[in-house]
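Enquirer: The lines below spell out each chain.
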Amino acid sequence: MRANFIFSEVWIGLRRNLTMTIAVIITVAVGMAMLGVGLMINAQVSTMKRYWDDKVEISVFLCTKGSAMPDCNGKAITPAQTNALKTLIEGTPGVQEVFFESQADAYKNFKETYAASKALVEATRVEDLPASFRIKLVDPDNYQPIIQAVKGQPGVAQVTDQKELIGKFFDMLDTLTIYALAVAIILVLAAALLIGNTVRLSAFNRRRETGIMRLVGASNLYIQLPFIMEGTIAGLIGGVFAAVILIVTKVMLFEEIAGYFGDATAQLTWNDVAQTITITMIIGVLICVLASFVTLRRYLRV
Amino acid sequence: MIHFDNVTKVYTNQNRAALDHVSVDVDKGEFVFLVGPSGSGKSTFLRLVLKEERPNSGAIHVAGKDLARLSNFKVPHLRRRIGCVFQDFRLLPNKNVYENVAFALEVIGKPRRFIRKVVPEVIELVGLEGKAHRMPDELSGGEQQRVAMARAFVNRPMILLADEPTGNIDPATSIGIMKVLDRINRTGTTVVMATHDAAIVDSMRKRVVELEDGKIVRDQSRGVYGQAY
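Residue numbers (UniProt numbering), protein chains in the order written: chain V, 1 to 302; chain D, 1 to 229.
Calculated from the structure, these hints are not laboratory results.
Mixed in with the good hints there might be a few duds.
Here are the simulated distance ranges between beta carbons [claimed, not checked]:
no., chain 1, residue 1, chain 2, residue 2, range
1, D, Asn6, V, Ile22, 21 to 27 Å
2, D, Glu124, V, Ala274, 57 to 63 Å
3, V, Val248, D, Arg54, 54 to 60 Å
4, V, Leu201, D, Arg16, 54 to 60 Å
5, V, Phe293, D, Gly109, 19 to 25 Å
6, V, Phe293, D, Arg156, 52 to 58 Å
7, D, Lys65, V, Ala274, 49 to 55 Å
8, V, Leu201, D, Glu99, 23 to 29 Å
9, V, Phe293, D, Asn56, 27 to 33 Å
10, V, Ile247, D, Met135, 47 to 53 Å
Ideal placement from N, C-alpha and C gives every residue a C-beta, glycine not left out.
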């Protein structure tokens, strides 16, 4: 009886301001989708960071004969210098592992990588490629000490840190997240105002009914619930659309991006998506309820 | 049943008091006419009984409850014991007679079985048997007011407040309305009726409370509208 009555009131209310209801649904859907995409980028970034942190290494390239690097003075590194360098690296705190890649190994890798361009491979001799130490760190973010220790040592041609390279990429993703979240916040605000207006219109449309309800002693809950439900249902429908947008984004965008890195472990899981959808739904509905409630307090006094 | 003790009500932005130190007692089962010119405070009196307005000073007791100490949360429960009828009927135009009366019970959560039982009884009490499925715009003014009275009475209130119930109705039809109010009064319901209609007051010979500029100038049992008119 009660539920029946309230749902019929809700249905009447939603139908009477159909255009406003649609506006609310669209705003909530876009706002929640932006929020969700922001959260998903965030989740993706941390997954990728974890993935890359396992892989990144610092490369210490050693001097070869006739090297163009200014630190080498055109001389190759001596075996004694190589050994001294190895001891130095192993002795530096924060180093997890050190591999030595000889010139022969480097040539083999080079041939594999550039198998497609035969001319390049043929023009390159084993002596042209530098040998290197590959260092893995315990904490990939803490690369400064080892770079400072190794740089300028005799026989060292160049030190490169992959972390620095991918760091720029991650910075870009972070900026993207901030933009998505900022847009989301603005849209959520707009959604709240729209819902407030819709509820106000609805309350005005039914002021005759609510007037009688107050007069015959209907409780506040009974009077207000249909209006709050209206906002909530609009919010829920918007949330469902947002969920669809998020699922599409995951398939079309995130799986594409992950495809570039060619490793499934770096991918955003469906679990992450489900979590994001849950969060956006809860936030969406909560905002609708709050906006309806605050508006009603002003327009439906006892 | 209704007890006003030295009640003063001044609306904001107005200098003159709508009710000025009014003390009055209405007992259970009484029928009271509230008379006086427009702006004399009749409607304010009724609004104070419903706790739609708060007095600036003085105490109001309705159905044994001190309204000043009644929380907003409990106001709906007070209003369930008070029925209201107005000059402009206030029916829902998109609901028929039965639905208009049933609405008052639906919104306070009464079970459907109960509604099916009592609504036809009340429609018969106000003399609208056979017209339960008419829409308000198919009824005359007098019939619409009967629907409003059925709605006010369907929850068996202890008090019925009527604000100029015959104000939009011709004198012949008004007699029928008064008969229904009298019938409701005879079931033990206290009736307070604000009116301008001298003929009705004179013919009923009930208690008359006359207000002027927010003050009680006359309180007479078995009174008439007033010599001056």
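Enquirer: Please go over all the hints and tell whether each is borne out by the structure.
Expert: Checked hints:
1. Under the hint 21 to 27 Å, the C-beta atoms of D/Asn6 and V/Ile22, about 56 Å apart, miss the expected range.
2. Separation of D/Glu124 from V/Ala274 is about 60 Å and conforms to the stated range, judged on CB atoms against 57 to 63 Å.
3. Checking the proposed 54 to 60 Å range against V/Val248 and D/Arg54 shows it holds: the Cβ atoms sit about 56 Å from each other.
4. Look at V/Leu201 against D/Arg16: about 37 Å separates their beta carbons, and that is not inside 54 to 60 Å.
5. A hinted range of 19 to 25 Å for the beta carbons of V/Phe293 and D/Gly109 is consistent with their spacing of about 21 Å.
6. A hinted range of 52 to 58 Å is violated for the C-beta pair V/Phe293 and D/Arg156, which are about 34 Å apart.
7. For D/Lys65 paired with V/Ala274, a C-beta distance near 53 Å keeps the hint of 49 to 55 Å intact.
8. For V/Leu201 and D/Glu99, the Cβ-Cβ distance of about 24 Å falls inside the hinted range of 23 to 29 Å, so the restraint holds.
9. Checked against the hint of 27 to 33 Å, the pair V/Phe293 and D/Asn56 passes, with Cβ atoms roughly 31 Å apart.
10. Distance hint for V/Ile247 and D/Met135: a CB-CB separation of about 49 Å, consistent with the stated range 47 to 53 Å.
Checked against the numbered hints given earlier, this structure breaks hints 1, 4, 6; the rest are met.
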